[in-house]
Amino acid sequence: MAQAATEIHHEAHGHDAHAHHGPQGILKYIWSTDHKMIAMQYLFTGMFMGIVGGFMAYVFRMQLAFPGVSVPLFGVVSPGEYNALVTNHGSIMIFWVAMPVLIAAFGNYLIPLMIGADDMVFPRINRLSFQIFLVSVLMILASLFVSGGGFGGAWTSYPPLSAQSQYNLTSIGATMWLIAVALEFVAFLLGGINFIVTLMNARAPGMKAYDIPVVAWMIVIASILFMLSVGPLIAGAIMLLFDQTIGTGFFDPARGGDPILWQHLFWFFGHPEVYVVLLPAVGIVIDIVATFARKKLFGYKIMIFTAVATGVLSFFVWAHHQFIAGIDPRMANIFTVTTLLISVPIAELLFVMIATLYGGNIKLNTPMLWALSFIAEFLIGGVTGIFLGASGADIYLHDTYFVLAHFHYTFFPIAIIGTFAGFTYWFPKMFGKMMDDRLGKIHFWGTIIPFNMIFIPLFVLGLGGQHRRIYNFQNFPELAAMQPFRVLATVSLIIMLLFQLVFFWNCIKSWRGGAKAGRNPWKANTLEWTTESPPPHGNWPRDAMPRVYRGPYEYSVPGREDDYWPQNLPS
Amino acid sequence: MLERLVQQASSYAADIDGLILLVLVLVGFWFLLAEGMFFWLIWKFRERPGGRSEYITGKEKHLKRWISIPHALVLVCDVFIIIASVRVWYDVKQHLPQADETIRVTGQQWAWVFTHPGPDGDLDTPDDIQTVDDLYVEVDKTYHFQLESRDVLHSFSVPVFRLKQDAVPGRRITGWFRPTVTGTFDIQCAEICGIGHGVMAGRIHVQDAGTMAQWVTANSSTAAQ
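Chains as they are written, first to last, in this note's numbering: chain A, 19 to 589; chain B, 255 to 479.
In isolation and in its complexed conformation, chain A is listed as follows:
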């Protein structure tokens, strides 16, 4: 079945012919339908947007630590600019960094290589997906420079503030922000269809459902979650767009609408979205942990099914973002129960990851340090979520810096640590060169220590009652005295940003002069390590497509001389 699907797929778009007679020069990149090329475009676009989002964080953190100062490379921050910066920092980091890098870049790069296919099932839809994504990138960047400035109504975009320009004072920016987000959703719907169909239909002969590497499973489960949750928000986005531009009143109480409707539509998507980006990062971490602990996973099926359980539960927790938003207070009780229940599968997932270390022979190189730090840091994000899921405690903590620190302890491990883990692990495959491990470790410690120094002070500020999205806390007598914590967070942020230069230097240095990687530098089992580094167009020679004989984590099998056993080796 899988064999047949792969062969039909070969005939369908003949890679060899494509490579020789396709467009030349720059067009080769613009119109390439090769999954690896599209993955690289997503990866580098996402990283570029990461720099933009990081710069925004630098500017508004400077304003918070030193109110009114002229920020180097930016200037004095006005209240309107401050709101636009925090709004777009959040939007960009989630929609234009975490999503493209974790789902689109790693999904596109890894899924065909890990399941032994020569490309995605729908390569042209894949190309279209990136092009729409690129338009959304240009749209969100352009929205920062239009008259009135970028949208400043927070990434959650609650109406009536977002719906009416008399309130937000950024009529063009708000509409462009909304269109950019909607286009981004379209891009990821197209990409998601591709991931799901490819995993289902294009696996190498012999690869059964439980022989698929966890990261491929996770990206596909995430894509399914995304497709199921995003519908209501796209509908909501169009209603909001009509409210903004042609004067409808879906969210306007004066005309029979309801602002809280938007919150339901937004968070029905918004909470599953957390798991949409979490699961691929978890998958990356699990693959790396297994490889460098030289261990079979502790419970492969448990992991897949807890991921599914988390995904299902995530559809029933959305109103925990709205406990005090004016919903019926009795509803909070139901959502407290569902929210706290989600701690069970997530705890299980973390326990299984930790248990995999037991009995291992753990090699602490750069990718492994990133993977392990994900577990240690995400745990902080997880346990602090319990405070907010408990409705009674949320009365006080809602919309404070405690919330902010909590979700940065989830999103930073996901989007930043997960990305660096995956990037350093698959760099040899992507570019054929080894990265410098010493520079990698300097970059790791230079990121992870300042990261904690940024957000631990913010937990304290949140417990002290500091609320979010305020451009100058000196207006609040009770909060003004906590200024040293703000300065500490800002200084740590600047140190962390500077250490990213080590990463870029390492990339350039390794790409130009690193040691040759060979096919399988980590002695790993999964199929992507059985082809050349970097893999050629079509991934494997057409007459030597891999067959699969066993699961992806058969490390240290007793009785074998090697401590690894690639999936494609006949017994």
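Hints listed in this document are in silico derivations from the structure and should not be mistaken for laboratory results.
Mixed in with the good hints there might be a few duds.
What the hints assert, rightly or not - Straight-line C-alpha distance at most 20 Å; calculated SDA-like pairs for lysine to any residue:
| # | chain 1 | residue 1 | chain 2 | residue 2 |
| --- | --- | --- | --- | --- |
| 1 | B | K298 | A | V370 |
| 2 | B | K318 | A | K541 |
| 3 | B | K313 | A | G569 |
| 4 | B | K315 | A | K541 |
| 5 | A | K319 | B | K313 |
| 6 | B | K313 | A | P576 |
| 7 | A | K541 | B | K313 |
Claimed, not checked - Here are the simulated distance ranges between beta carbons:
| # | chain 1 | residue 1 | chain 2 | residue 2 | range |
| --- | --- | --- | --- | --- | --- |
| 8 | B | G282 | A | R560 | 52 to 60 Å |
| 9 | A | I252 | B | R258 | 25 to 33 Å |
| 10 | A | I143 | B | R258 | 56 to 64 Å |
Said to hold, decoys possible - Heads up, incomplete: computed chain A residues facing chain B, CB under 8 Å, no partners named:
| # | residue |
| --- | --- |
| 11 | N186 |
| 12 | F316 |
| 13 | V362 |
| 14 | A394 |
| 15 | N490 |
Since this is a predicted model, take the numbers as computed values, not measurements.
Even for Gly, the Cβ is constructed at its ideal location relative to N, Cα and C.
Fit chain B to the given chain A structure using the hints.
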């Protein structure tokens, strides 16, 4: 614990702080256990030259216990937290105790407007007292507040009371508080409401009965003119 950072000045502040402390103890235990186990495993099973990993599938019963027992215990902790949380929530948000006085709080871009009922104790009468950004209340008296908004979402937040409630245009949301300490405290707007969100700062003045009576008399006479 929290009162070291922020004073407790309402009847339910201590309940909310107690709940936060309960959660802290329960999740703190799991956090330390998991991180401790995690770092111990990394150290215990660090790479040794010529070393080799064990082959463990996760199906072994004696090892699986290490996952399934904590799994059940996490669920038990969840139940405790849910019960404690619902109790606090019910008292603060779901149940309205008898009011001694009712005030109106109106959010607008970018100020808080407070309406005090005046000497007759009824809102929407000519002797109402309106103030902007300064709310005057009496200690140990139960207040209902009617929360409204004129334009966008705002959130009426008084950290020392542990009180927070969003104001929604088109709705009148009723809540309550009972100040227990005299003094002057911050009022915040905790929901982004436009470029002036950062300056939407009010003050609440909790006064003893005598001072409050004087304040009402002094202001109602001007209001009646």
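Results for each hint:
1. Of the supplied pair hints, the one linking B/K298 and A/V370 holds, its CA atoms being roughly 17 Å apart against a limit of 20 Å.
2. Of the supplied pair hints, the one linking B/K318 and A/K541 is violated, its CA atoms being roughly 28 Å apart against a limit of 20 Å.
3. For the hint pairing B/K313 with A/G569, the CA-to-CA distance comes to about 15 Å; that is within 20 Å, so the pair holds.
4. Of the pairs offered as hints, the one joining B/K315 and A/K541 is violated, with about 30 Å between alpha carbons and a cut-off of 20 Å exceeded.
5. Straight-line distance between C-alpha atoms of A/K319 and B/K313 comes to about 10 Å, which keeps the hinted pair within the 20 Å bound.
6. Between B/K313 and A/P576, the direct Cα distance comes to roughly 16 Å. Compliance with the 20 Å bound is thereby established for this hinted pair.
7. About 25 Å separates the Cα atoms of A/K541 and B/K313, which puts this hinted pair outside 20 Å; it is violated.
8. Against the hinted window of 52 to 60 Å, the Cβ-Cβ separation of B/G282 and A/R560 comes to about 57 Å, which satisfies the hint.
9. For the pair A/I252 and B/R258, the supplied restraint of 25 to 33 Å is violated, since their beta-carbon distance comes to about 47 Å.
10. For A/I143 and B/R258, the hinted distance range of 56 to 64 Å is satisfied, since their beta carbons lie about 57 Å from each other.
11. For A/N186, the interface hint holds, since its Cβ comes within 8 Å of a Cβ in chain B; the closest pair sits about 6 Å apart.
12. Evaluation of the A/F316 hint against chain B yields a held restraint, the C-beta minimum of about 4 Å falling below 8 Å.
13. The restraint placing A/V362 at the interface with chain B holds, with a minimum CB-CB distance near 6 Å, inside the 8 Å limit.
14. Satisfaction of the interface hint for A/A394 is found here, the shortest Cβ-Cβ separation to chain B being roughly 6 Å, below the 8 Å cut-off.
15. Because the beta carbon of A/N490 sits about 6 Å from the nearest beta carbon in chain B, less than 8 Å, this interface hint is met.
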